[in-house]
Amino acid sequence: MATTMTAPDNVPGTTAVTVELPAGVEIALELRALSLWYGARQALDAVGFGVPARKITALIGPSASGKSSLLRCLNRLNDELPECRVEGEVLLGGTSIYAKDAIVHEVRRRIGMVFQKPNPFPLSVYENVAYGPRLLGVKGRRELDASVEGALKAVRLWDEVSARLDDSALALSLGQQQRLVIARALAVGPEILLMDEPASALDPAATLRFEELLHELAQRYTVLLVTHNMQQAARVSDYVAFLHQGRLVEFGDTDALLTNPRERLTEDYITGRYA
Amino acid sequence: MKRTASGDAALWACAGAAATCLVAIVALLVWLGAAGLSALWPAPIVEIGFADGHAVLGEMAERRGDTLVIRGSERERAGGSYVRVDAHAIVSRSEPRDAFAITLHDGRRLFGRGDVAAAAALLRSIPNAEPAGVAEWPNAHGFFHRTAMFLRDAGRFLAGSTMAPSLTGGAFPALVGTVTLVFLMSLIVMPFGIATAVYLHERRGFAAGLVRSAIANLAGVPSIVYGVLGLGLFVHGIGADVDRWFFADRLPVPTFGSGGLLWAALTLALLTLPVVVVSVEEGLGRIPPGLLAGSLALGATRGETMWRLLLPAARPALLTGLILAIARAAGAVAPLMLVGVVRLAPALPVDGAFPFLHPSRQFMHLGFSVYDAALASPDALRGIPRAYACALLLVIVVVALNLAAIVLRNRLRERYRVLEG
Amino acid sequence: MPGNPVTYTPLLTGVRNASVVERRRRERVGNALVLAGAAVVLLALLVIPLFLGASILAWLPLPDGAWSRLGILFAGSAKAAVCALVLAVPLGLAAAIFSAQFATPGFRSAFKPVLEILEAIPTVVLGLVAFATLAPWLKANVVTLLALIVAIPALLLAGALAFGGAFRRQAGWLPLWLAPVVFAIVVAVVAGLGPHQTDAIVPPTPWNAVLVGLALGLAAIPMIFSVAEDALMQMPSTHVQAALALGATRWQAIHSIVLPAARPGLIAAFALGASRCLGETMIVLMASGNTPVGDPNPLAGLRSISAELALGLPEAAPPGGAYRMLMLAALVLFVLTFVLNLLAERARAHLRRAQATPVIA
Numbered sequence: 024m025a026t027t028m029t030a031p032d033n034v035p036g037t038t039a040v041t042v043e044l045p046a047g048v049e050i051a052l053e054l055r056a057l058s059l060w061y062g063a064r065q066a067l068d069a070v071g072f073g074v075p076a077r078k079i080t081a082l083i084g085p086s087a088s089g090k091s092s093l094l095r096c097l098n099r100l101n102d103e104l105p106e107c108r109v110e111g112e113v114l115l116g117g118t119s120i121y122a123k124d125a126i127v128h129e130v131r132r133r134i135g136m137v138f139q140k141p142n143p144f145p146l147s148v149y150e151n152v153a154y155g156p157r158l159l160g161v162k163g164r165r166e167l168d169a170s171v172e173g174a175l176k177a178v179r180l181w182d183e184v185s186a187r188l189d190d191s192a193l194a195l196s197l198g199q200q201q202r203l204v205i206a207r208a209l210a211v212g213p214e215i216l217l218m219d220e221p222a223s224a225l226d227p228a229a230t231l232r233f234e235e236l237l238h239e240l241a242q243r244y245t246v247l248l249v250t251h252n253m254q255q256a257a258r259v260s261d262y263v264a265f266l267h268q269g270r271l272v273e274f275g276d277t278d279a280l281l282t283n284p285r286e287r288l289t290e291d292y293i294t295g296r297y298a
Numbered sequence: 379m380k381r382t383a384s385g386d387a388a389l390w391a392c393a394g395a396a397a398t399c400l401v402a403i404v405a406l407l408v409w410l411g412a413a414g415l416s417a418l419w420p421a422p423i424v425e426i427g428f429a430d431g432h433a434v435l436g437e438m439a440e441r442r443g444d445t446l447v448i449r450g451s452e453r454e455r456a457g458g459s460y461v462r463v464d465a466h467a468i469v470s471r472s473e474p475r476d477a478f479a480i481t482l483h484d485g486r487r488l489f490g491r492g493d494v495a496a497a498a499a500l501l502r503s504i505p506n507a508e509p510a511g512v513a514e515w516p517n518a519h520g521f522f523h524r525t526a527m528f529l530r531d532a533g534r535f536l537a538g539s540t541m542a543p544s545l546t547g548g549a550f551p552a553l554v555g556t557v558t559l560v561f562l563m564s565l566i567v568m569p570f571g572i573a574t575a576v577y578l579h580e581r582r583g584f585a586a587g588l589v590r591s592a593i594a595n596l597a598g599v600p601s602i603v604y605g606v607l608g609l610g611l612f613v614h615g616i617g618a619d620v621d622r623w624f625f626a627d628r629l630p631v632p633t634f635g636s637g638g639l640l641w642a643a644l645t646l647a648l649l650t651l652p653v654v655v656v657s658v659e660e661g662l663g664r665i666p667p668g669l670l671a672g673s674l675a676l677g678a679t680r681g682e683t684m685w686r687l688l689l690p691a692a693r694p695a696l697l698t699g700l701i702l703a704i705a706r707a708a709g710a711v712a713p714l715m716l717v718g719v720v721r722l723a724p725a726l727p728v729d730g731a732f733p734f735l736h737p738s739r740q741f742m743h744l745g746f747s748v749y750d751a752a753l754a755s756p757d758a759l760r761g762i763p764r765a766y767a768c769a770l771l772l773v774i775v776v777v778a779l780n781l782a783a784i785v786l787r788n789r790l791r792e793r794y795r796v797l798e799g
Numbered sequence: 005m006p007g008n009p010v011t012y013t014p015l016l017t018g019v020r021n022a023s024v025v026e027r028r029r030r031e032r033v034g035n036a037l038v039l040a041g042a043a044v045v046l047l048a049l050l051v052i053p054l055f056l057g058a059s060i061l062a063w064l065p066l067p068d069g070a071w072s073r074l075g076i077l078f079a080g081s082a083k084a085a086v087c088a089l090v091l092a093v094p095l096g097l098a099a100a101i102f103s104a105q106f107a108t109p110g111f112r113s114a115f116k117p118v119l120e121i122l123e124a125i126p127t128v129v130l131g132l133v134a135f136a137t138l139a140p141w142l143k144a145n146v147v148t149l150l151a152l153i154v155a156i157p158a159l160l161l162a163g164a165l166a167f168g169g170a171f172r173r174q175a176g177w178l179p180l181w182l183a184p185v186v187f188a189i190v191v192a193v194v195a196g197l198g199p200h201q202t203d204a205i206v207p208p209t210p211w212n213a214v215l216v217g218l219a220l221g222l223a224a225i226p227m228i229f230s231v232a233e234d235a236l237m238q239m240p241s242t243h244v245q246a247a248l249a250l251g252a253t254r255w256q257a258i259h260s261i262v263l264p265a266a267r268p269g270l271i272a273a274f275a276l277g278a279s280r281c282l283g284e285t286m287i288v289l290m291a292s293g294n295t296p297v298g299d300p301n302p303l304a305g306l307r308s309i310s311a312e313l314a315l316g317l318p319e320a321a322p323p324g325g326a327y328r329m330l331m332l333a334a335l336v337l338f339v340l341t342f343v344l345n346l347l348a349e350r351a352r353a354h355l356r357r358a359q360a361t362p363v364i365a
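Sequence lines, in order, name chains A, B and C.
Okay, so the first sequence: first residue is 24 according to this note's numbering, each after it adds one.
Okay, so the second sequence: first residue is 379 according to this note's numbering, each after it adds one.
Okay, so the third sequence: first residue is 5 according to this note's numbering, each after it adds one.
Bound conformation, chain A alone (with noise of 0.2 Å):
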């Protein structure tokens, strides 16, 4: 059964997208008719899509189809770029993340962010992964040392780090770091994860790891997936949406958008004809 969202009436160029959806496939995120700017250029055109709750969704396209900007609104770290501008809504649970009265830090804490390359604070791994709780008034020291635990087993780091919790988070490998980035967002106990390539600077083994953590955190976690890895997508992801030049050019099922694309442009894409 297909869900047609389409646009409201006071957002000029405005074309419905028809989105397929399995039915009574919950939504965590949507997002209806976003438009960003930098300045005067235009890097996305009226993207309208929702993400399912508790599912990989991948957003593939060329490079500078907008993908990272996409995901830079949804956590509103856009914000600090003194020349952008934002138009169209996001709903998280219903409620927009750009209202007035929305709190910023409170957003970035529902829906949170790993980056490429991994960036560990220059703290212990205990004091990276306790930095959020901190934020959040926690101060107990039995509170914040369950929190940095759970954290910690939740992305399979805690048998590798609970004897050194203490030295400097700079000392572990690469996938360490990346999945101590993850364990750092999952402690402020977000709803969901923004995944900006996140396996792009780790070698073949790590990322096959990785992979498999992303399973485990899907069970609870909603997760949007940057990558120009089809394979990964494949691999990983439930849902896929193409975006081409700041547009949403199909949005589906993972299996059926890449083995049976409804676009050309979609399928030239995955076909290889162009990058």
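Quick caveat, the hints were computed from the structure, so don't treat them as lab data.
Don't take each hint at face value.
Pair by pair, the computed Cβ-Cβ distance ranges are [unchecked claim]:
1. B:Glu580 <-> C:Ala58: 31 to 39 Å
2. C:Leu150 <-> B:Thr382: 26 to 34 Å
3. C:Leu150 <-> B:Arg581: 52 to 60 Å
4. C:Arg112 <-> B:Ala778: 17 to 25 Å
5. C:Val118 <-> A:Ser185: 43 to 51 Å
6. A:Ser185 <-> B:Gly411: 54 to 62 Å
7. C:Lys116 <-> B:Arg462: 44 to 52 Å
Not everything, but these chain C residues come out facing chain B in the computed CB check (under 10 Å) [as the list claims (entries may be wrong)]:
8. Val33
9. Leu56
10. Trp177
Glycine is no exception: its CB is placed at the ideal position from the N, C-alpha and C atoms.
Given chain A, put chains B and C in place with the hints provided.
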């Protein structure tokens, strides 16, 4: 050929300039070390015999070319018994082993020959003579004993108080004054410097550009002009007002209406502010932007990120700024001459009496001691060596601080190279 | 979580969401503090000239002869600065050219801290050495000094012509080889000429502008060096490479391409050095004799604006005529150094902009 010759000449000229700088700096430091240490090194007592049979006993105060100056026993007053001797008129010269020296409390030195009894007799023969220690026989002992005496005198120099214009009058009050001044200045300059650096790091735009050029211009203002501002605005302006409002009962004796520790610290804080701001801003700028993004993505505000992550990460830069500010303050004498430093302070600015730190008091400063001992000493032959001793101490402190800052800066560069991976 | 019907198990236990209001308030306080700090700094720069100007109370007449005295003081400051720059500019610029264009990176990183140490030495110490040691020596050895000034460059030139070829490959560390040579020349000239001085040139006073020039010049070298070196290091090496490929010698490439291109930076170095020399107090106070003679003879004394301020202000009481005259002198000094600094900053910015634009190949 001509081209390569002129090329060589130019190369040698430029290299020669660099070499001359090296020679000058090394010579300066070596000279400082020698002059400073020799000021404290125990001088031998010599006996000079002349053609007409009379002899002079005393210690060598100065040797310049063909002229020697001997300091004889100062029976009346310090600096009153110098004897100028022409090298050609000397018939005999010896360092008698039984020659002794006594230092009195007011800094005068007495010389004689003989044993302990002779020393005691000499002491008794002088009215109002109070020895500051025991009589010494410097000629009778070898190098190691002299070294011990030197170390002891150096210790007295560092830890003793200046009670008299003596040769080894202590630099302790000047040290305390300098340290207290620098401490108070740091309390003032660090918060403002860090705040300004954070502001410059976070904002672009017209106001930030204005502040940045203000910093650059403040850095170029001569230090004496800061002193003028301190004297005019703080001492005569705000200080006089404070006296009228809070200390009117003590007038016409000024409390804050004259130079003192507080106004000096404030003046120096203004002077060293650019140094701190530049250092901290540079440190913040070196932090990879991924850290800021990571912290914001976790739901931290910009302020929380700055306070909990960025400033701690820039700690070496903060420390470098502080060290450079302290080094600058230790060496800035000109502004202090206008806002509160004195040759001889009646009391230390920190003591056991509440409130322990007395910001209205005048204080002594090591750098000023150098100037004062050299130019304003009634006894130039004592003043100059004392000035060199103070100068050596000052240079050691300042150079050590600067080397520490250089090491820190290198460590900072290494740390950020690791962070960027 | 509001609006999300999915049962979501938070990873945290005992979360006490710090009140959003509390965090907002702390953020606002922090921002206010930062703004306050920056505002104070801006205020401070404005306060200095405003205060000085206000203290002059320009509507009241200045004491007689105030302007002529100011003229003499300005001449004194200028004389001291000129004597110092005569020493500092050639040495500083030449050393910077060597460090930026000829030296190995190893030498450069070793040489810089040495000059930083010189910059760190308090000027009161340099004043002491000038006052106590150099002054008596100079009084009797003016001819020796002149001989040194001639001998060092001359012998270095001779050495360059004689041995230049042999050292061309070790050019990177040449100063280290030359340093003992320079030292030997100094020792030889001083020892050789010293005792046989004729009284050809005797300064009227041991504390004169030449003495100030030696000490103040040494003090100004690090600043001139670092600004000039910074400018020269910004020059892209491609220019020199291109010239060398055309057959130029290194020095030809430097003096025909690099130096003209770096000229704004070199001018900035000169301006900043001059500003430093004009504003310096302790060396002048201790080594110039503080005699307001207005005599252009470099072997005569001088009195600078800064020395007048240091000596005169403790005695002068506001709002007397003497006090106001001193405030005027301080304002003049401030304006002079401010203008020089501004010039230098504009020149450096100009240089940076010129380097940022790509060269059209």
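For each hint, the structure was consulted:
no. : hint                              : verdict
1   : B:Glu580 <-> C:Ala58: 31 to 39 Å  : holds (34 Å)
2   : C:Leu150 <-> B:Thr382: 26 to 34 Å : holds (31 Å)
3   : C:Leu150 <-> B:Arg581: 52 to 60 Å : holds (56 Å)
4   : C:Arg112 <-> B:Ala778: 17 to 25 Å : holds (24 Å)
5   : C:Val118 <-> A:Ser185: 43 to 51 Å : holds (50 Å)
6   : A:Ser185 <-> B:Gly411: 54 to 62 Å : holds (55 Å)
7   : C:Lys116 <-> B:Arg462: 44 to 52 Å : holds (47 Å)
8   : Val33                             : holds (9 Å)
9   : Leu56                             : holds (7 Å)
10  : Trp177                            : holds (9 Å)
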